[in-house]
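2 protein chains.
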Amino acid sequence: MENKLKLINEMAVDNGSKIVMLVMDGLGGLPLEPGGPTELEAARTPNMDALTARASLGLSDVVAPAFSPGSGPGHMSMFGYDPLEVLIGRGVLEAMGIGFPLTHKDVAVRANFCTMDASGNITDRRAGRIPTEECAKRVEVLRQIQIPGVQIFVEPVKEYRFVLVLRGEGLGANIPDNDPQLTGIPALPIVAEDSASEKTADILRQWWAEANKLLAAHPPANSCLLRGISKDPGMPRFPEVFKMRSAAVAVYPMYKGVARLVGMDVIDHNGETPAEEFEVVRQHWDEYDFFFVHIKKTDSYGEDGDFEARVHVIETVDEALPILLALKPEVIVITGDHATPAKLKRHSWHPVPVLLAADSARFGVPGKFGEALCLHGTLGRIRHVDIMPLALAHAMRLGKYGA
Amino acid sequence: MENKLKLINEMAVDNGSKIVMLVMDGLGGLPLEPGGPTELEAARTPNMDALTARASLGLSDVVAPAFSPGSGPGHMSMFGYDPLEVLIGRGVLEAMGIGFPLTHKDVAVRANFCTMDASGNITDRRAGRIPTEECAKRVEVLRQIQIPGVQIFVEPVKEYRFVLVLRGEGLGANIPDNDPQLTGIPALPIVAEDSASEKTADILRQWWAEANKLLAAHPPANSCLLRGISKDPGMPRFPEVFKMRSAAVAVYPMYKGVARLVGMDVIDHNGETPAEEFEVVRQHWDEYDFFFVHIKKTDSYGEDGDFEARVHVIETVDEALPILLALKPEVIVITGDHATPAKLKRHSWHPVPVLLAADSARFGVPGKFGEALCLHGTLGRIRHVDIMPLALAHAMRLGKYGA
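Chains R and L, in that order, are what the protein sequence lines are. Under the numbering used here, residue 1077 is the last one in the first sequence; the count climbs by one each step, no gaps. Under the numbering used here, residue 1077 is the last one in the second sequence; the count climbs by one each step, no gaps.
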């Protein structure tokens, strides 16, 4: 266990208090014009605004200044794991994105169907972006491949993308992509970078050779490229580190996946809206001490560049917020896993607003919850990896450091 | 390459956007009296003030709180190299200060003429501060010394100071000063601290013995002391790390030297004033993606304790600024390499104002560019080593970290 996390773990006590971490994905925003509001500032959020009076506000760097985090590092840091030390591979994330139940033994690969010419050179790294149903048909074909000593799963994702999972003993994952990132040349050889990954490399070479034979009859997707070969990095389990019975309420598989990866329970539900998700929390309130609640659409609309839709999602979260507040958690944290400003249509590096409401908070000047208020908040400029320890401290769940 | 710089390098893309880094040496200042303005706050800077509306402002620690940086660490950190990990030796800096074209093979030594008595004890570590022309005469004498297997350069600097450069193969530089920092005792023996520096130590011992023979006839400067024995630390090259064609426009040799050391092109020019330097940028605009523009006099007048002269230099920079702004760089950063408050007449540890203007910036409250506005700026409190990554991010030159 990373040194600081170990200290946190040693200081942590289970006092029965409750923490809700409400994450609006990609919450951080930008004004479209000088002097204008960000998405959060433009949103009508009377409940969050009222909460600022009994909260500490701040702005937080998710990874480090200038780093635009992917969803993996964004969530790892919110969960208290230093994203510069623990990186979740693309294969693992992709498997999570489709809800594949990964185990610690599994090597996950994000694979792309591609087109190869008669001499073995790649001509299209995405096989003409074949439709998802074509992808599914070829995945069926690939499921025939069996290799002794390992269980193999192949799952379609979208268009030319699929996931390959190897399950077995002694499978390392230190193997670079065989995708050369260029056309006109062959795929790269599959080579282990350490001895623990030799077995995996050997299996992948056999699998890939078989796959090419089977796919030969199915142009344009007559070959495939293997990328992001990775395993569960084996983080210390969240419920044990922080000494809390912990649950995740999310709609999208990826976020259920990262929560499951760190050892949280993932609550099954059919909720879609923020209000429905919050109801799930209410129904399970007595079973857990910590709830991670994930709202996806703030990010999706940011990627689309839709400022107004982002504003609207934030407003629906605010409207539903009384459901969570009525449960009277000792601490409620409202933040995002990174910024996704509609202006930029992508994840960005801008520090993210954090609201931490607790009786033990150093209250500051209340006002409209948003980046400008957070810039001058009593929490100051923090790092995302400190949010969990701060939530614990404010829940009186952290003892003294040193005598 | 340092770990974080390596991540930045992996995320960096060349999208053709342009960055100007305008450095006013020693920009950070202090009010002379409680309630008074700093130099930057006292200066009339309408162009910079207008720029604050579409910029993100902050205050930056150049090395770490309480550290007053020399020019080496000041510039290394602005160029994105952690000054706590990479230190440029005094010999190398002194050689750069006189424009000596150092190569990677060279060991540079900052040397002082000194006075030694008949029994070999040092009586004056600065040889009575002999005038520069006396220094030059003795340097001529020292140029006679030849040692097989190495090329030797001796160059006068100022008063009792000169530079000695050894050029050859296999020359390490892990050798402490032979200056005992005391009088009444002999110079220290010249001893290598690792085996890679044995050859250098051997050459320096021979050279020093010869020098003493030749100087014996030239009191008061009848000996010399060797200090800051050092080499180019071999930083990863700036243009490759950040993936930008990079150029420096500076007037003083030291700053051209540090830019050359990290691999920037140094543009030859006869400009003296800020406007003339900015014209040089304009003339070479199409050839580069990154321009480091260095203004020296803000620092010089700070060392002199001349508040008003510092204010005036800042005003001439502001007047000329439209030349740079007309080029429409995607990002312009205005900052200093450290503070040199006229009140203190020296480099100081105070955090330095940073203005980062870009379309992708989180705009804050506009106003008079200065320390007070920067304290409440949306960039917050940062570290100088993060300025380059932040400039890259704002120029949309950094991809995502992690999937």
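By construction, these hints were calculated from the structure, which means they are not laboratory data. Note that this is a predicted model, so its numbers are computed, not measured. All C-beta atoms, glycine included, are put in the ideal place defined by N, C-alpha and C. Among the clues, some could well be false.
Below, a list of computed lysine-lysine pairs in the DSSO-like style, where the Cα atoms sit at most 27 Å apart [said to hold, decoys possible]:
hint, chain 1, residue 1, chain 2, residue 2
1, L, Lys917, L, Lys1074
2, L, Lys811, R, Lys678
3, R, Lys1019, L, Lys1042
4, R, Lys1017, L, Lys1074
5, L, Lys680, L, Lys1017
6, R, Lys832, R, Lys678
7, R, Lys1017, L, Lys692
8, L, Lys678, R, Lys1019
9, R, Lys970, L, Lys1074
10, R, Lys917, R, Lys680
11, L, Lys680, L, Lys692
12, L, Lys1017, L, Lys692
13, R, Lys692, R, Lys1019
14, L, Lys1002, R, Lys1019
15, L, Lys970, R, Lys680
16, R, Lys832, L, Lys1074
17, L, Lys1042, R, Lys1042
18, L, Lys1017, R, Lys1017
19, L, Lys1074, L, Lys1042
20, R, Lys1019, L, Lys1017
21, L, Lys1002, L, Lys917
22, R, Lys887, R, Lys917
23, L, Lys1074, L, Lys692
24, R, Lys678, L, Lys970
Listed next, with one range per pair, are the computed distances between beta-carbon atoms [as the list claims (entries may be wrong)]:
hint, chain 1, residue 1, chain 2, residue 2, range
25, L, Leu1049, R, Gly1076, 29 to 39 Å
26, R, Gly794, L, Gly773, 25 to 35 Å
27, R, Ala870, L, His778, 20 to 30 Å
Here is what the structure says about each hint:
Distance check on the hinted pair: Lys917 of chain L and Lys1074 of chain L sit about 16 Å apart at the alpha-carbon level, within 27 Å; holds. The suggested pairing of Lys811 of chain L with Lys678 of chain R is violated, with an alpha-carbon distance near 60 Å, which exceeds 27 Å. For the proposed pair Lys1019 of chain R and Lys1042 of chain L, the alpha carbon gap of about 31 Å is over 27 Å, so the pair is violated. Taken as a hint, the Lys1017 of chain R and Lys1074 of chain L pair is honoured in the structure, with Cα atoms around 17 Å apart against an allowance of 27 Å.
A distance of roughly 40 Å separates the Cα atoms of Lys680 of chain L and Lys1017 of chain L; the hinted pair therefore is violated under the 27 Å criterion. Proposed proximity of Lys832 of chain R and Lys678 of chain R is contradicted: the alpha carbons are some 39 Å apart, above 27 Å. Proximity of Lys1017 of chain R to Lys692 of chain L is assessed by CA-CA distance (about 20 Å); at most 27 Å being required, the pair is judged to hold. Restraint check for Lys678 of chain L and Lys1019 of chain R: the C-alpha separation of about 26 Å stays at or below 27 Å, so the hint holds.
Proximity of Lys970 of chain R to Lys1074 of chain L is assessed by CA-CA distance (about 18 Å); at most 27 Å being required, the pair is judged to hold. Only pairs whose Cα atoms come within 27 Å are accepted, and Lys917 of chain R paired with Lys680 of chain R is accepted, the gap being roughly 12 Å. Between Lys680 of chain L and Lys692 of chain L the alpha-carbon distance is near 21 Å, which keeps this suggested pair within the 27 Å criterion. Pair hint Lys1017 of chain L plus Lys692 of chain L does not hold up; C-alpha atoms about 36 Å apart against a cutoff of 27 Å.
For the hint pairing Lys692 of chain R with Lys1019 of chain R, the CA-to-CA distance comes to about 35 Å; that exceeds 27 Å, so the pair is violated. Restraint check for Lys1002 of chain L and Lys1019 of chain R: satisfied, since their Cα atoms lie roughly 22 Å apart, inside the 27 Å limit. Under the criterion of a C-alpha separation no larger than 27 Å, the hint pairing Lys970 of chain L with Lys680 of chain R is inconsistent with the structure, at around 48 Å. With a C-alpha separation of about 21 Å, the suggested pair Lys832 of chain R and Lys1074 of chain L falls inside the 27 Å cut-off, and the hint holds.
Of the supplied pair hints, the one linking Lys1042 of chain L and Lys1042 of chain R holds, its CA atoms being roughly 25 Å apart against a limit of 27 Å. Only pairs whose Cα atoms come within 27 Å are accepted, and Lys1017 of chain L paired with Lys1017 of chain R is rejected, the gap being roughly 44 Å. For the suggested pair Lys1074 of chain L and Lys1042 of chain L, the alpha carbons sit about 34 Å apart, so the restraint of at most 27 Å is broken. Among the hinted pairs, Lys1019 of chain R with Lys1017 of chain L is inconsistent with the structure: their alpha-carbon atoms are about 47 Å apart, more than 27 Å.
Taken as a hint, the Lys1002 of chain L and Lys917 of chain L pair is honoured in the structure, with Cα atoms around 20 Å apart against an allowance of 27 Å. A hinted pair counts as satisfied when its Cα atoms are at most 27 Å apart, and Lys887 of chain R with Lys917 of chain R does not qualify at roughly 51 Å. Between the alpha carbons of Lys1074 of chain L and Lys692 of chain L the distance comes to roughly 20 Å, so the proposed pair stays at or under 27 Å and holds. For a cut-off of 27 Å, the pair hint linking Lys678 of chain R to Lys970 of chain L is broken: about 43 Å separates their Cα positions.
The given range of 29 to 39 Å is respected by Leu1049 of chain L and Gly1076 of chain R, whose C-beta atoms sit roughly 32 Å from each other. Checking the proposed 25 to 35 Å range against Gly794 of chain R and Gly773 of chain L shows it is violated: the Cβ atoms sit about 56 Å from each other. Taking the beta carbon of each, Ala870 of chain R and His778 of chain L are about 38 Å apart, not inside 20 to 30 Å as hinted.
Hints 2, 3, 5, 6, 12, 13, 15, 18, 19, 20, 22, 24, 26 and 27, counting from the list given before, are not met by this structure.
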